[in-house]
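S.K.: Sequence:
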Amino acid sequence: MATSNSNNRSSEEVFKDLKARCKLIFEADPEQYHSDFSLRRYLKAFGNADDAFKSILKTNKWRREFGVASLREDDTIIKSHIEKKKAVLCRHRDMHGRPIIYIPAKNHNVNERDIDELTRFIVYILEEACKRCHEEIIDNLCIVFDLKDFGVNCMDYQFVKNLIWLLSKHYPERLGICLITNAPALFSGCWSIIRGWLNEVTANKVTIVNSEVELCNYLHPDILPDDT
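Throughout the sequence shown, residue numbering follows full-length UniProt numbering, covering 1 to 228 in sequence.
If you're looking for bench data, these hints aren't it; they were derived computationally from the structure. Ideal Cβ positions, reconstructed from N, Cα and C, are used throughout, including at glycine. It cannot be assumed that every hint is accurate.
Stated by the list, open to error - Here are the simulated lysine to aspartate or glutamate pairs, DMTMM-like style, with alpha carbons at most 25 Å apart:
| id | residue 1 | residue 2 |
| --- | --- | --- |
| 1 | Lys85 | Asp226 |
| 2 | Lys131 | Glu112 |
| 3 | Lys44 | Glu31 |
| 4 | Lys58 | Glu128 |
| 5 | Lys58 | Glu31 |
| 6 | Lys85 | Asp75 |
| 7 | Lys106 | Asp139 |
| 8 | Lys131 | Glu31 |
| 9 | Lys19 | Asp29 |
| 10 | Lys148 | Asp226 |
| 11 | Lys169 | Glu200 |
| 12 | Lys61 | Glu31 |
| 13 | Lys58 | Asp29 |
| 14 | Lys131 | Glu117 |
| 15 | Lys58 | Glu13 |
Stated by the list, open to error - Here are the computed distance ranges between Cβ atoms for each label pair:
| id | residue 1 | residue 2 | range |
| --- | --- | --- | --- |
| 16 | Lys106 | Pro30 | 39 to 49 Å |
| 17 | Phe26 | Glu200 | 48 to 58 Å |
| 18 | Asp149 | Lys61 | 33 to 43 Å |
| 19 | Asp36 | Asn217 | 49 to 59 Å |
| 20 | Lys205 | Pro225 | 40 to 50 Å |
| 21 | Lys61 | Glu214 | 39 to 49 Å |
| 22 | Pro221 | Glu117 | 24 to 34 Å |
| 23 | Ile137 | Arg91 | 15 to 25 Å |
| 24 | Lys23 | Trp191 | 35 to 45 Å |
Put together the whole structure using the sequences plus the hints.
M.R.: This is the structure in structure tokens:
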């Protein structure tokens, strides 16, 4: 059976095709620029030059409409969420050199949050974490969900859905690993729901860590905040 020309092309040829398409867009509007590392992430996530190119255009449109470039630490909403420690960008990295985003579940209450404000904050955190990536070495992140003192009101399904959407659509291949620590028995039912929203590749990046000894395989426990 004959295969299509696109299937016969090498990955480097496909990358050059995507880069050539994007070059026209980037030259017309430098604000839409993506580095070669970013182009390769989109190509890996979406599988071919056509879908990667369409997704890059959608991301650029979303970033403009969402106002990503204007997100600042001194923004009133972002500052408030930083003070409440809804998520913390750790100073240190995991064992593979990834920046770490630490999310303590006990600081979240689904009944006391504005989902749009929380999403705005998490986009800010993702942006800051990505800036810390040494892309020529490793270009993805470690996200740690700490479920210590987890209760039913801490389970914010809409926030999790938004985070999954962001990572899959606008930060493709940025998730290196997601660690879930101190998970109580209550969380098993929550995880069965969340697992259904993930594709196989993303689900395989999620690890439920059952002990501090096991956590040491991924990062040194002392680098995580202890005052959240």
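S.K.: Next, verify each hint and record whether it holds.
M.R.: Tested hints:
1. Lys85 with Asp226: holds, 11 Å
2. Lys131 with Glu112: violated, 30 Å
3. Lys44 with Glu31: Within the cut-off at roughly 23 Å; holds.
4. Lys58 with Glu128: holds, 21 Å
5. Lys58 with Glu31: Holds, at roughly 14 Å.
6. Lys85 with Asp75: holds, 15 Å
7. Lys106 with Asp139: The hint is violated at about 29 Å.
8. Lys131 with Glu31: Answer holds: Lys131 to Glu31 is near 16 Å, not above 25 Å.
9. Lys19 with Asp29: At roughly 15 Å apart (the allowed maximum being 25 Å), Asp29 and Lys19 satisfy the hint.
10. Lys148 with Asp226: holds, 11 Å
11. Lys169 with Glu200: holds, 16 Å
12. Lys61 with Glu31: holds, 11 Å
13. Lys58 with Asp29: holds, 15 Å
14. Lys131 with Glu117: holds, 22 Å
15. Lys58 with Glu13: Distance of about 23 Å is within 25 Å: holds.
16. Lys106 with Pro30: 39 to 49 Å: At roughly 43 Å between Cβ atoms, Pro30 and Lys106 fall inside 39 to 49 Å, so the hint holds.
17. Phe26 with Glu200: 48 to 58 Å: Distance hint for Phe26, Glu200 is violated at roughly 33 Å.
18. Asp149 with Lys61: 33 to 43 Å: holds, 40 Å
19. Asp36 with Asn217: 49 to 59 Å: violated, 32 Å
20. Lys205 with Pro225: 40 to 50 Å: violated, 22 Å
21. Lys61 with Glu214: 39 to 49 Å: holds, 42 Å
22. Pro221 with Glu117: 24 to 34 Å: At roughly 31 Å between Cβ atoms, Glu117 and Pro221 fall inside 24 to 34 Å, so the hint holds.
23. Ile137 with Arg91: 15 to 25 Å: 18 Å Cβ-Cβ, so the 15 to 25 Å window holds.
24. Lys23 with Trp191: 35 to 45 Å: holds, 43 Å
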